[in-house]
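If you want the building blocks of each chain, they are given just below.
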Amino acid sequence: MLVITRRGIAAGLAATVAAPAIIRSAWAQAGTIKIGMVVPVTGAAAESGSFAQTGARIAVEQVNKAGGVLGKQLELVFEDDQTTNPGAVLAFSKLASQPDIVAFLGSIRSTQNHAMAPDMLKAGKPVGFGGTDPNLTKLGNPWLFRFRPNDSYSGKVIAQYGAKELGKKKWAIVHSTDAFGTAGAKALAEALPENGATLALDQGYANQSQDFTPVVLAVRQSGADVLGTYFTFETDLGIFARQLRQLGVTIPWVGSPSIVNISALKLAGPALHGTYGVADYAEDSSEASKSFGKAYRDVRKVAPDNQSSWTYDAVIVFALAMNKAGTTEPNKVRDAILAIRGHKGAEGEYNFDKNGDGLHGYNIVKNDKGEIKFDKRIDFTPQLG
Amino acid sequence: MDLALQLLFTGIGIGSVYALVALGFVLIFRATNVVNFAQGEFSMVAAFLMVVFAVKLDLPYGLSFLVALAGMALLGALFNLAVYYPLRHRTYLPVIISTIGASILMANGMLALHGPEPEVLSGWFETPGFLLGPVYFDSQYLLIIAVTALLVALQYWFFEHTLLGKKLQATSQDKEMASLLGIPVAAMIMITFVYSAVIGGIAGILVAPVLFVSIHMGATIALKAFAATIIGGFGDVTGAIIGGLALGVIETFGAAYVSVPYKDGFAFLVLIAFLIFRPQGIFGERVAEKA
Chain D
-18 MLVITRRGIA
-8 AGLAATVAAP
2 AIIRSAWAQA
12 GTIKIGMVVP
22 VTGAAAESGS
32 FAQTGARIAV
42 EQVNKAGGVL
52 GKQLELVFED
62 DQTTNPGAVL
72 AFSKLASQPD
82 IVAFLGSIRS
92 TQNHAMAPDM
102 LKAGKPVGFG
112 GTDPNLTKLG
122 NPWLFRFRPN
132 DSYSGKVIAQ
142 YGAKELGKKK
152 WAIVHSTDAF
162 GTAGAKALAE
172 ALPENGATLA
182 LDQGYANQSQ
192 DFTPVVLAVR
202 QSGADVLGTY
212 FTFETDLGIF
222 ARQLRQLGVT
232 IPWVGSPSIV
242 NISALKLAGP
252 ALHGTYGVAD
262 YAEDSSEASK
272 SFGKAYRDVR
282 KVAPDNQSSW
292 TYDAVIVFAL
302 AMNKAGTTEP
312 NKVRDAILAI
322 RGHKGAEGEY
332 NFDKNGDGLH
342 GYNIVKNDKG
352 EIKFDKRIDF
362 TPQLG
Chain F
13 MDLALQLLFT
23 GIGIGSVYAL
33 VALGFVLIFR
43 ATNVVNFAQG
53 EFSMVAAFLM
63 VVFAVKLDLP
73 YGLSFLVALA
83 GMALLGALFN
93 LAVYYPLRHR
103 TYLPVIISTI
113 GASILMANGM
123 LALHGPEPEV
133 LSGWFETPGF
143 LLGPVYFDSQ
153 YLLIIAVTAL
163 LVALQYWFFE
173 HTLLGKKLQA
183 TSQDKEMASL
193 LGIPVAAMIM
203 ITFVYSAVIG
213 GIAGILVAPV
223 LFVSIHMGAT
233 IALKAFAATI
243 IGGFGDVTGA
253 IIGGLALGVI
263 ETFGAAYVSV
273 PYKDGFAFLV
283 LIAFLIFRPQ
293 GIFGERVAEK
303 A
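Read top to bottom, the protein sequences are chains D and F.
Using this note's numbering, the letters of the first sequence correspond one by one to residues -18 to 366.
Using this note's numbering, the letters of the second sequence correspond one by one to residues 13 to 303.
Just so you know, not all the hints are guaranteed correct.
Said to hold, decoys possible - To be clear about the criterion: a stretch of chain D counts as covered by chain F if any three or more of its residues have a C-beta under 8 Å from a C-beta of chain F, and this derived list gives those stretches:
# : region
1 : 187 to 197
2 : 210 to 220
3 : 243 to 252
Keep in mind the hints are simulated off the structure, nothing from the lab.
Don't be surprised by glycine CBs; every beta carbon is placed ideally from N, CA and C.
One chain only, chain D, in its complex shape:
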């Protein structure tokens, strides 16, 4: 749905008035190499959009300090996606119409990337993105490169950690019945046999439930010795966690990323202490993650999260690839990205497979009395091509 608001029109007018100035300044900086970035500046995700900008800016600063790209300075061009799909499509087309932009950063939201994908194919230049829907790199679009692990890995990581590290073989899976929860639970259930584990209970629930007593009692009765979960909403997770503890269930619990997000920690409090979760960015997971964490704290005074780590990694990888290719010609840059092996980024080690997926594992973090601590990194060997 296209929403025309007074503020939107005002912003459009402002942009039109400002355009000559932007063009002039672009002229003055003709010696730069430009990366266009679609990012939420307004709308519900405006705050996380500013984190994403900071991550990318830190990367640009580091690249330029180290000599830039092909002897020129790197520069970012931002375009507001208004946290909507039509906004993202419009933002991308504005960027794509500027011929001097050599690569793009898309969205952290899968749905927005799906919306922009046809235009990305037409643009014919590399696009880095953060959405985790596995299908995005299977669209037959050669220009899409993912800088976060896709959802198929989280189920495998949860299964392996619970079965191998915690030594628990009898699983109860509780998941939302929406697309995210169902797909995640399926991946987790499929990964159990290869880890020598069995499924004691597969329990779906509808989002926005007010009570989880029947679910908790089902978990208790199943005799499972470990719990794996895919919750979509933090309120649901909070109610479930509390009722789980009240009804005396204390088995180890490994959850999808929402179990360690800040809202969930606030809502559920002590009910989540001692649980494990998968996280794509964990500050203590590697030297590269730590040094990004430090650089980020110097700028923003707070800890970074995956909103900023993927844009940081994407800019660094693009710069690396262009320097290796010795050109900004899209096909050669694409080949250089696909050839990247063992690059240590903030999110993990990048080895691009033929689909354009750069990461192939997750971090396991533990909720230690409300503090999230890195526990272990689990990576899978991808089929590189």
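Once you have looked at the hints, place chain F on chain D.
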């Protein structure tokens, strides 16, 4: 057996929440003959007010409760003046649409003011609950059950045994006749809206420690409460209570013994069955014009 007892307690607890919100529906329906679809938003706004006073400003819990309810009384009065009063001489349809509009405005207004993050509100009691044999009693649910019982008794006494209550009933049954008898109809309706907003507010503040405080909390509870009102018989206080409790118990047992994902389905299957076979509800009288 242990399982059934636990489910019964939870079912009654959650059913009491539905019943409490249903009381607000019934009150306004009795006074104005329309359904107030913003009743759930009263609960949501009150819970957020409570967060502001008790958590952000760190006022004592009891004081915050009273200030939040005073805020709700004011909101009820404003609601009456802005949403109902200008349309009072029209049929029920424009008024219903007006309450739907108000509900959207309240939810989005709160979203704009506060943002989408859910909040935590601690319960009235220090201890979250206790085990009695095999059954865990959540202290907040116990409080909800007690307050619901108290408010029902109060409401019964008020409508049946006080002059003001009888004036309100007369207003509800026939506004013209009531006004000919010297009952100030506009004032009666104002009182009803204020009281409904307060009672919706009490429900919201009581459930907030269990369900958390979020923009959507009102809508999810109100839908079930609306179903409870129809099952019980629109306009009947006892009916709303029985309907709410029945709905809570049915959906909890349905989820445990049949299917969790279709939990909400049971509630609405019961609703549909009532609409087909007994549209006037358990306690309702067959009054054609109210259907």
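- Hints that the structure is at odds with (numbers, increasing): Every hint satisfied by this model.
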